[in-house]
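Protein sequence lines correspond, in order, to chains A and B. Note that the first sequence covers residues 1 to 70 in UniProt numbering. Note that the second sequence covers residues 1 to 194 in UniProt numbering.
Think of the hints as simulated: they come from the structure by calculation, not from any bench. Some hints here could point you the wrong way.
[Stated by the list, open to error] One side only, chain A facing chain B, incomplete, derived with CB under 10 Å:
| id | residue |
| --- | --- |
| 1 | L13 |
| 2 | S19 |
| 3 | K24 |
| 4 | L46 |
| 5 | M59 |
| 6 | V61 |
| 7 | I63 |
| 8 | G64 |
[Said to hold, decoys possible] Restraint ranges, calculated between C-beta atoms of paired labels, are given here:
| id | chain 1 | residue 1 | chain 2 | residue 2 | range |
| --- | --- | --- | --- | --- | --- |
| 9 | B | K97 | A | T12 | 29 to 35 Å |
| 10 | A | N67 | B | R175 | 40 to 46 Å |
| 11 | A | K68 | B | N190 | 44 to 50 Å |
| 12 | A | T12 | B | S69 | 26 to 32 Å |
| 13 | B | S82 | A | R55 | 23 to 29 Å |
| 14 | A | L16 | B | K92 | 16 to 22 Å |
| 15 | B | K140 | A | A49 | 20 to 26 Å |
| 16 | A | A49 | B | L80 | 21 to 27 Å |
| 17 | B | L192 | A | T12 | 32 to 38 Å |
| 18 | A | V61 | B | F176 | 40 to 46 Å |
| 19 | B | F76 | A | A49 | 41 to 47 Å |
| 20 | B | N73 | A | A49 | 28 to 34 Å |
| 21 | A | G64 | B | F176 | 39 to 45 Å |
By construction, the Cβ of each residue, glycine as well, lies at the ideal position given by its N, Cα and C atoms.
Chain residues, written in single-letter form:
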Amino acid sequence: MSKKSNQPAKNTLNDLFGSKTRIKILKFLFRNYLSDFNAKDMAKKLQEADIAVNREIKMLVKIGLINKKK
Amino acid sequence: MAKRNRHKKNSSKNKTRRSKTIRAKVKFKKKARQKTINSRAKRRTRHPANLGTGSSTRPGTSKRKAMYSLNQNFEFFSELKSLILKASPAEKDSLIKKISALGKIKLAVISGIFLNSDIESSASATADLFIVGDDIDRNKLRNFLKSLEAEIGREIRFGLMDREEFEYRFGMFDRFIRVLLEGPHEKIINRLGI
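Assemble the whole structure, with the sequences as input and the hints as a guide.
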C-alpha cells in the first residue's frame, strides 16, 4: 500500500509535462543517454508520429536539453 | 551545387556575418559527406535501443538526418534525470491486465528496469520481465512488448517459459531462475504458489 503511493503513476508526469510524446522522449533520452539518435528512428521506437516527435525535439534543442549534431 | 545555392540564399538573408562560415561548412560537407554517412551508419548500429530489434532501420534511409544527443551540461540535467527515472516505467495494474490477456499465465515476475530507477543497478538484473504460461498468443506478446518498450523508452530483457519447462528448471535450481528469484524482484502474477 505504502509502496504504491511512493511510485507515481505514469500519468502524473504526462500531465505535469503536458505532453505524452514529450515525456516519452525524455524517458527514452535519459534511459539511453550515452548514445546519439535521430528523430525518425526515435519516433519509430516510441510509436509516436514523426511530426510530433520533431516538434518536441525542436523545443528541446531550443531550451538546450539536447544538442544537435550534423 | 543546388545545396550550395540554398545555403547562399539563407546566408544572404542573415547578411554577411554567417555566410563565410556556412560556405566553409558546405565545402567541408561535400568532401566529407561519404565519410559521415559511413560513420552514421556505424553509430546507428551501435545504438543500444536498436539492439535485438533486427532490421528496424535500413541503412541509408536517414543519411541526411541530424543526430541528437542529450546535453549533460543542461541547467537542470541531474534534477530532471532523477525526476524522469523515478517515475515507475509502467503502471503495475495495467501491466497485470495486459499480461493476463496474453494466455494462460501462471507467473509473471518484474525485475531490473521496473524496480530500479538508476541504470547501473538495473543493468545487473538478468531479466526485466519474466513470464511463465501456456498457450501464449505470440502476436499479442510481440505487440505487448513493442508497446511496452515504446512506453519505457528502452529495450526490455524478456524471458518466457511454459509451465513444464519452468517447473523442471525450478526443480533443478537452474541458474537463470535462481538469480532472478533471489535478486530484487516482484511477482505480479503468481498462480504457482512459489
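Checked hints:
1. L13: holds (5 Å)
2. S19: Because about 14 Å separates S19 (chain A) from the closest Cβ in chain B, which is outside the 10 Å limit, the hint is violated.
3. K24: holds (6 Å)
4. L46: holds (5 Å)
5. M59: With a minimum Cβ separation of about 12 Å from chain B (threshold 10 Å), the hint on M59 (chain A) is violated.
6. V61: Where the cut-off is 10 Å and the nearest Cβ of chain B is about 7 Å from V61 (chain A), the hint holds.
7. I63: holds (8 Å)
8. G64: holds (6 Å)
9. B:K97 / A:T12: 29 to 35 Å: Because 19 Å falls outside the window, the suggested range is violated.
10. A:N67 / B:R175: 40 to 46 Å: With a Cβ separation near 42 Å, N67 (chain A) and R175 (chain B) satisfy 40 to 46 Å, so the hint holds.
11. A:K68 / B:N190: 44 to 50 Å: holds (47 Å)
12. A:T12 / B:S69: 26 to 32 Å: About 27 Å separates the Cβ atoms of T12 (chain A) and S69 (chain B), which means 26 to 32 Å holds.
13. B:S82 / A:R55: 23 to 29 Å: holds (26 Å)
14. A:L16 / B:K92: 16 to 22 Å: holds (20 Å)
15. B:K140 / A:A49: 20 to 26 Å: holds (24 Å)
16. A:A49 / B:L80: 21 to 27 Å: At 24 Å between Cβs, range holds.
17. B:L192 / A:T12: 32 to 38 Å: Check passed, 33 Å falls within 32 to 38 Å.
18. A:V61 / B:F176: 40 to 46 Å: holds (42 Å)
19. B:F76 / A:A49: 41 to 47 Å: Check failed, 27 Å falls outside 41 to 47 Å.
20. B:N73 / A:A49: 28 to 34 Å: Since the Cβ atoms of N73 (chain B) and A49 (chain A) sit about 30 Å apart, the hinted range of 28 to 34 Å holds.
21. A:G64 / B:F176: 39 to 45 Å: holds (44 Å)
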